[in-house]
Structures are given as structure tokens and as C-alpha cells.
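Input sequences plus hints: build the corresponding full structure.
Residue numbers (this note's numbering), protein chains in the order written: chain Z, 1 to 148; chain X, 1 to 432.
Watch out, some of these pointers could steer you wrong.
[Said to hold, decoys possible] Partial chain X-side listing against chain Z, Cβ under 8 Å, derived:
no.	residue
1	52
2	264
3	269
4	368
[What the hints assert, rightly or not] Taking lysine-lysine and the DSS-like style, the derived pairs with C-alpha atoms no more than 30 Å apart in a straight line are:
no.	chain 1	residue 1	chain 2	residue 2
5	Z	65	X	220
6	X	304	X	404
7	X	220	X	134
8	X	304	X	41
9	Z	74	X	270
10	X	50	X	270
[Unchecked claim] Under 8 Å between C-beta atoms, here's a sample of chain X residues computed to sit facing chain Z:
no.	residue
11	10
12	12
13	13
14	14
15	50
16	261
17	265
18	268
19	367
20	372
It should be emphasised that the hints constitute simulated quantities derived from the structure, not laboratory data. From the three backbone atoms N, C-alpha and C, an ideal C-beta is built for every residue, glycine too.
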Amino acid sequence: MRLGAAKLVLAVAILAACSGNNLDTEELSHTSQESESGHSHSHDDTAASDYSLDVPFDSESIDVKSSFQIEQGKVVGGIQRVRAQMGEVVALAVESDTPEILHLHGYDLVATIEPGISAVLVFEASIPGIFEMELENAGLLIAKVEIR
Amino acid sequence: MTLLAHGIGARGDLPLSVGTLAVVAGAALFVSFAALLAGWKEPRLAGIAKGRSVFTVSSGAALSVTTITRIAGALAVGVSLWSALFVVDSTVENIAPRMVYVLFWIVIPLSSVIFGDLWRLFSPFEAIAAVTKKFRHAQPDPKKSQSLYGAAFFLLLFLWLELSFHRPAGRTPLAIMLIVWIGWCSQGAVRGGTTWLGNNDPLAVLTRLMSSVSCFTVRKNRLVVRRPIVGLAEVPTQRGLAAVVLVVLGGTSFDGLSRTDWWTSLISGKMDWTRTLVNTLGLLFVTALIISLFLGAVRLMQRKDENSDPMFEDGFAVSLIPVLIGYGVAHYFSMAIFEGQFLLIQASDPFGFGWDLFGTRTSYVNYRIVSSTTIAAVQASGIIAGHIAGVVVGHDRALESLRKRESLAAQLPLVVLLVALTMIALLLLVEA
Numbered sequence: 001m002r003l004g005a006a007k008l009v010l011a012v013a014i015l016a017a018c019s020g021n022n023l024d025t026e027e028l029s030h031t032s033q034e035s036e037s038g039h040s041h042s043h044d045d046t047a048a049s050d051y052s053l054d055v056p057f058d059s060e061s062i063d064v065k066s067s068f069q070i071e072q073g074k075v076v077g078g079i080q081r082v083r084a085q086m087g088e089v090v091a092l093a094v095e096s097d098t099p100e101i102l103h104l105h106g107y108d109l110v111a112t113i114e115p116g117i118s119a120v121l122v123f124e125a126s127i128p129g130i131f132e133m134e135l136e137n138a139g140l141l142i143a144k145v146e147i148r
Numbered sequence: 001m002t003l004l005a006h007g008i009g010a011r012g013d014l015p016l017s018v019g020t021l022a023v024v025a026g027a028a029l030f031v032s033f034a035a036l037l038a039g040w041k042e043p044r045l046a047g048i049a050k051g052r053s054v055f056t057v058s059s060g061a062a063l064s065v066t067t068i069t070r071i072a073g074a075l076a077v078g079v080s081l082w083s084a085l086f087v088v089d090s091t092v093e094n095i096a097p098r099m100v101y102v103l104f105w106i107v108i109p110l111s112s113v114i115f116g117d118l119w120r121l122f123s124p125f126e127a128i129a130a131v132t133k134k135f136r137h138a139q140p141d142p143k144k145s146q147s148l149y150g151a152a153f154f155l156l157l158f159l160w161l162e163l164s165f166h167r168p169a170g171r172t173p174l175a176i177m178l179i180v181w182i183g184w185c186s187q188g189a190v191r192g193g194t195t196w197l198g199n200n201d202p203l204a205v206l207t208r209l210m211s212s213v214s215c216f217t218v219r220k221n222r223l224v225v226r227r228p229i230v231g232l233a234e235v236p237t238q239r240g241l242a243a244v245v246l247v248v249l250g251g252t253s254f255d256g257l258s259r260t261d262w263w264t265s266l267i268s269g270k271m272d273w274t275r276t277l278v279n280t281l282g283l284l285f286v287t288a289l290i291i292s293l294f295l296g297a298v299r300l301m302q303r304k305d306e307n308s309d310p311m312f313e314d315g316f317a318v319s320l321i322p323v324l325i326g327y328g329v330a331h332y333f334s335m336a337i338f339e340g341q342f343l344l345i346q347a348s349d350p351f352g353f354g355w356d357l358f359g360t361r362t363s364y365v366n367y368r369i370v371s372s373t374t375i376a377a378v379q380a381s382g383i384i385a386g387h388i389a390g391v392v393v394g395h396d397r398a399l400e401s402l403r404k405r406e407s408l409a410a411q412l413p414l415v416v417l418l419v420a421l422t423m424i425a426l427l428l429l430v431e432a
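This is the structure:
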């Protein structure tokens, strides 16, 4: 996994600044995603089917929005279940006091988290089911995303 | 398993709707009491379980087929062990976790429900048993009933590793488990042959029991076709049969429980051995609960029947085999479909050498290959079919082994038990 994780860190491009109309204090990190099978063989560079959307967290086109905060290895407020309908645009923001990699399984969206810079995953709900979002290194479950 | 470390079971099933729950539960109740009241009065299943022979293969042809399948089985076991020992520790790059938890543990047993006992066909340990046959001095008497407690113990250990241990997909635990399994089965195959394997290899015991509902079976090079489910009447009553069935039912139920938000919150933030401890207590508690429900019901029957059969409970454990299959289908059908695709992708390049054996190396898991509606329908049908078959087989078994066959009161605890197990399964699926 070390190889894969290292590559993911490289693959994630962090945007230095946000668009002008984003008045949130937090900077948004750009999301990147790769299919699990895509990085199963680090030497191959196949295009992954892309679920991620390049939309800021406060955009009006987002239907379902949730923010999470991780402090000292715990999810503030406990594990939650995010519910969305197929076709809706979902945005999940995660802030953590330690550097981490955020991963939404199934959709396989990945983003890096630095202390003070929260990661945001924005995607269109297009696969039904329950998907776990977790901190990859700590193996900490943050939320279950239920899409029907 | 909600998620094995990183990635196995990435897409969880949607909760069953309350409407589905009501329909399935209602049907289960109706069938249960209808079977009791209007049921047959003489045991019937054993009579039709014989089936009819479709064709006979020559022993030469049988040998060629089993040689090929068992070499394939040896390759599967060998690749798993090699990967667990030498390939990078990752569920994406290492094929061992999915070989063990998806192929051996889910795909082979569930496919055996339809196609007959596949592990007997593919098991490399059967090949060891066949090759060493002429060197064995004392052939074990196949008529003599062997205990299944050893298999039950290993199944419990396996379930603990899968569901309670905090790194189930790690290389080290997988390697230890594979080495213990291979060692245990190889020595047993040499010493006790195929009879020993059928009663002691945990995977062989599980597939043997689950395949008893299949329409297909092989008897002395004859392919026999029979009606589904009736084969359960031929499952021999053995010491430990109840233990095997209850341990696996308990594990599957705990797996269901661990997918609920309640359990997820309970273990949230608990890492490493603390997590293992909490999950161990959970697994043991759920298993103990299922065992108590079963023993309570069966002991009550035994008392009402004034029956002193020492293997009374093992005889009735047969009626839980279809329930177990129903639980398995409901919990693992989608995982077999999705993770099976992942396994095919990984199988193209099992060692990370850049091979593309099956041309699937760059494929993706298609999570939309079956719809949520289909999955929910399979889950509901699995549970209800398992329940109906359990009631039918339990009733038949009661007519065979109860002294007071006509007594409905003596059969009632079994029916109540089956209804309770079905309700537990449904509630866990609604809370998924």
C-alpha cells in the first residue's frame, strides 16, 4: 500500500488558492480520484471513469453537503450517515488535525488533508449503495454515504 | 465485513425497506404454520433424495477431470500463500485477501449451493488423499461417524480473524492462516484420506453441508440429479454438526450487526487491539445468543418428546443449513458479484509482474452490473427460501426422529426458532 499511497499523494494536486467567490476561510484542496484497479498496478496509467466534479463547496449546484472534523483520532460529533439520491451532487468536506489521505470507497475519490486545509470531495451520486469514507492512514471511518 | 482494512467490500448493500421486511416476515410466518398444520405425516424427503443418475463417467475420465480441477485448486491455494508471503501488503496489489475472503470463503461455498460440492472437485488436499491412498494401512471406516467439532473450531477462528481481528487482510495473519490450513489438511489427507477431509477441512465441511441443497451430486462416478433441498435429508447426523452450523450463523449475524450504525459508532475511534477486543466480544456474544436460542428450542422439543437421543440437537441442526445459506446469500451475494470482478482483474497479474493473463488487468469493477432492486430481491428471496426450506426439512426430520410424531407441541419450538432467526436476519438487513 505504501507505493500506492505515495503515488496518490503525488497525484493529488493541491490548488494554491480558491476561486474569488469562495469566501470560506478554508482553502479547498482539489480532489483527485483513481479507480482501485487503476492504481492496483502502479506502472499503468489507465484513465479512470471520473465521478469527481470540479465544483466549489459553497456552489449552489450542490444538493447534499456535509462537513466533518477530525480531532485526536476521533470524528467530532460521531459517525454520521450521509444520504443522497441518485443524480444529486454531493460535497463532503473533511478537516483533520493531522496530515491524512481522505478516501471515499466505491467511487474511489481521494484527496489529501493537511492540518488547516480541509479536503473536499465533490461528486455526482451515480452508483447506488453504501460507501465508507475514511482516513486512509489511520483507517478511521468518518461517515457512511448512502445513495439510493 | 463492512470493509476489510482497505477496500474489500467497497460497495455496501442498501438497507432493505420496511415494506420488504413486512412481506417477507409475513410469508415466513404463514409458511411456517401452514407447514405445521397441513404438513405431511410421514417422513418423505429421504425417499426422494435418491434422485436419478444422469450419466456415469468412466474412472479414467473422472481421474482426468479431477486431476485438472485439483491442479487448478492447488494453483489457487499456492498463489494465495505466495502472495501472502511475498507480495506487497495491500488489498489492491495483493491477491491473497480476496482469494481467501472472496473466492474460498464466499464464491466456492455459494456456488456449491447451485452446482454441487465444488471444493471436493477442486481441493488439492483431495489429490493428496488420492495419491497417498495405497500407503495408508488403516482405512478409516466411512460408516463410523466422525466428529465435526474440529471443523467448527477452525471456522470460529477463521470468522474471528475475518470479523474481529483489526487487520484481517494483512499479509501476516493471512499467511499464518493459510499455513495452518494447508498443514492441517495435508497431514489429515495423508493420515485419514478423503473421509478425514470431509469431516475436518473447515472449507470442505462447509461446502459439503451447503451443497446438500443442490440439484447435483456425484455418487461413485455417477452424476445424480435430484430436486433442490431434498439432499438435506441425506446429511448424516454427526456430533458437532450443530456447532458448525451455529458458529457460521453466529458469524454471519455478527457481520450483519457490525454493519449497523449502532455498532459502527460503538467501535469508532477504537483502534488496533482495542477494536479487536470489542469485536471479539461482539462476535462471541452474537454466537452465544444464536447457540442459546437453538439449544433452548431443541432442548424444549426434546423434553416435550421425552426423547433421550444424545445427538438430538445435531439432527435438528440440518434444518438450519438452508437458513445459513439464506443468510449467506443475503449478506454476500453482491460482494461475490463486485469483489469477484476485482478478483478477475487481480488474477491477470497476481504477482505484480505486469502480466495480463486474462486480458482484464486494466478493467474496472462495474458496480452497476446488478441494480439495487435486484440485490434487494435476491436478499429477500434468499432469506425466505432458506426459511421455507428450513421449516420443510425440520418438519420432515421431526417426523423421522420424534417419538411423538403427531404432536404439534413438540414441533412448535423449532418453528418458533426458525421464525426468530429469520426475523433477526431481516432486522439486520433493514438496519444495514
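Non-conforming hints, listed in increasing numerical order: Per hint list: 1, 5, 10, 15 violated.
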